[in-house]
Amino acid sequence: QVQLVESGGGVVQPGRSLRLSCTASGFTFSSFGMLWVRQAPGKGLEWVAIISSDGGEKYYADSVKGRFTISRDNSKNTLYLQMNSLRAEDTAVYYCAKDGDPKFDYWGQGTLVTVSS
Amino acid sequence: DIVMTQTPLSSPVTLGQPASISCRSSQSLVHSNGNTYLSWLQQRPGQPPRLLIYKISNRFSGVPDRFSGSGAGTDFTLKISRVEAEDVGVYYCMQATHFPWTFGQGTKVEIK
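These protein sequence lines map, in sequence, to chains A and B. Count the first sequence with my numbering and you get residues 1 to 117, in order. Count the second sequence with my numbering and you get residues 1 to 112, in order.
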């Protein structure tokens with residue numbers, strides 16, 4: 001069955017960096033786009049970024065453009081989110097999801113990122 | 001950016017009774033390929049979101065048939081024919097037709 005497992009969350013100071021990972025199994029990872037969605041505590045969902053199956057196309061939300069980088073390693077079935085220049089407003093649970101057919105068909109359990117001094 | 005507006009934001013429902021959630025987009029969600037990428041997600045308390053409905057009206061695998069989606073263009077609706085206790089949670093509409101992809105604010109369904 002499809003499994004997506006996020007890792008790499010934690011507490012980080014404002015202005016610092018953090019890299020999230022999402023390890024996939026149960027499907028042919030290299031055939032599907034992947035994305036990140038975040039949810040601030042007690043708030044709704046916000047789409048963050050998406051990457052195509054071969055990594056050639058990437059799109060970002062304006063709120064993270066220039067600070068976050070989405071990437072993938074198809075040999076390791078792993079999706080990444082490099083987060084630089086972190087701000088308090090980046091505090092959220094970060095979910096990875098599969099851009100299948102249909103879109104958003106599978107989600108991970110999420111990893112919590114807390115940006116605080 | 002496309003704004004997705006859900007109503008109501010809270011929906012207290014009696015068990016066994018129907019529930020309906022409306023979602024309106026600020027512009028048409030019809031993609032150039034003819035598809036309308038409007039989905040509905042359910043988030044139970046303490047859980048990640050789960051896909052319920054995709055492309056307006058298609059139920060995802062394993063979703064009970066008491067859930068149905070309808071609409072076109074800019075106006076969409078999610079209906080639960082008979083609410084069960086396990087349906088408690090927050091429901092989001094979302095569009096994946098235009099970047100950036102956007103979500104509605106969420107509608108909390110709770111039992112009266």
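No wet-lab data here; the hints were simulated from the structure. Think of the CB as a built atom: it goes at the ideal place given N, C-alpha and C, for glycine as much as any other residue. Among the clues, some could well be false.
Claimed, not checked - Short, incomplete list of chain B residues facing chain A, as computed with Cβ under 8 Å:
1. Ile56
2. Arg59
3. Gly62
4. Val63
5. Phe67
6. Ser70
7. Trp101
Stated by the list, open to error - Across the chosen pairs, the derived CB separations fall in these ranges:
8. Ser32(B) to Gly26(A): 17 to 23 Å
9. Gly16(B) to Lys58(A): 26 to 32 Å
10. Arg87(A) to Asp1(B): 15 to 21 Å
11. Ser25(A) to Asn33(B): 15 to 21 Å
12. Lys58(A) to Asn33(B): 17 to 23 Å
13. Ala40(A) to Ser22(B): 33 to 39 Å
14. Asn74(A) to Pro12(B): 42 to 48 Å
Stated by the list, open to error - Straight-line C-alpha distance at most 30 Å; calculated DSBU-like pairs for lysine-lysine:
15. Lys43(A) to Lys79(B)
16. Lys76(A) to Lys65(A)
17. Lys79(B) to Lys65(A)
Hint-by-hint comparison with the structure:
1. Ile56: violated (11 Å)
2. Arg59: Since chain A brings no Cβ nearer than about 10 Å to Arg59(B), farther than 8 Å, the hint is violated.
3. Gly62: Status violated, d = 11 Å.
4. Val63: Where the cut-off is 8 Å and the nearest Cβ of chain A is about 11 Å from Val63(B), the hint is violated.
5. Phe67: violated (14 Å)
6. Ser70: violated (17 Å)
7. Trp101: holds (4 Å)
8. Ser32(B) to Gly26(A): 17 to 23 Å: violated (32 Å)
9. Gly16(B) to Lys58(A): 26 to 32 Å: Since Gly16(B) and Lys58(A) have Cβ atoms about 46 Å apart, the given range 26 to 32 Å is violated.
10. Arg87(A) to Asp1(B): 15 to 21 Å: At roughly 20 Å between Cβ atoms, Asp1(B) and Arg87(A) fall inside 15 to 21 Å, so the hint holds.
11. Ser25(A) to Asn33(B): 15 to 21 Å: violated (30 Å)
12. Lys58(A) to Asn33(B): 17 to 23 Å: Given a distance of about 21 Å, which is inside 17 to 23 Å, the answer is holds.
13. Ala40(A) to Ser22(B): 33 to 39 Å: Violated - the Cβ-Cβ distance for Ala40(A) and Ser22(B), about 24 Å, lies outside 33 to 39 Å.
14. Asn74(A) to Pro12(B): 42 to 48 Å: Distance hint for Asn74(A), Pro12(B) holds at roughly 47 Å.
15. Lys43(A) to Lys79(B): holds (23 Å)
16. Lys76(A) to Lys65(A): Holds: Lys76(A) and Lys65(A) sit about 26 Å apart, inside 30 Å.
17. Lys79(B) to Lys65(A): Not satisfied, since the Cα-Cα distance of roughly 36 Å exceeds 30 Å.
Of the numbered hints stated above, those contradicted by the structure are hints 1, 2, 3, 4, 5, 6, 8, 9, 11, 13, 17, listed in ascending order.
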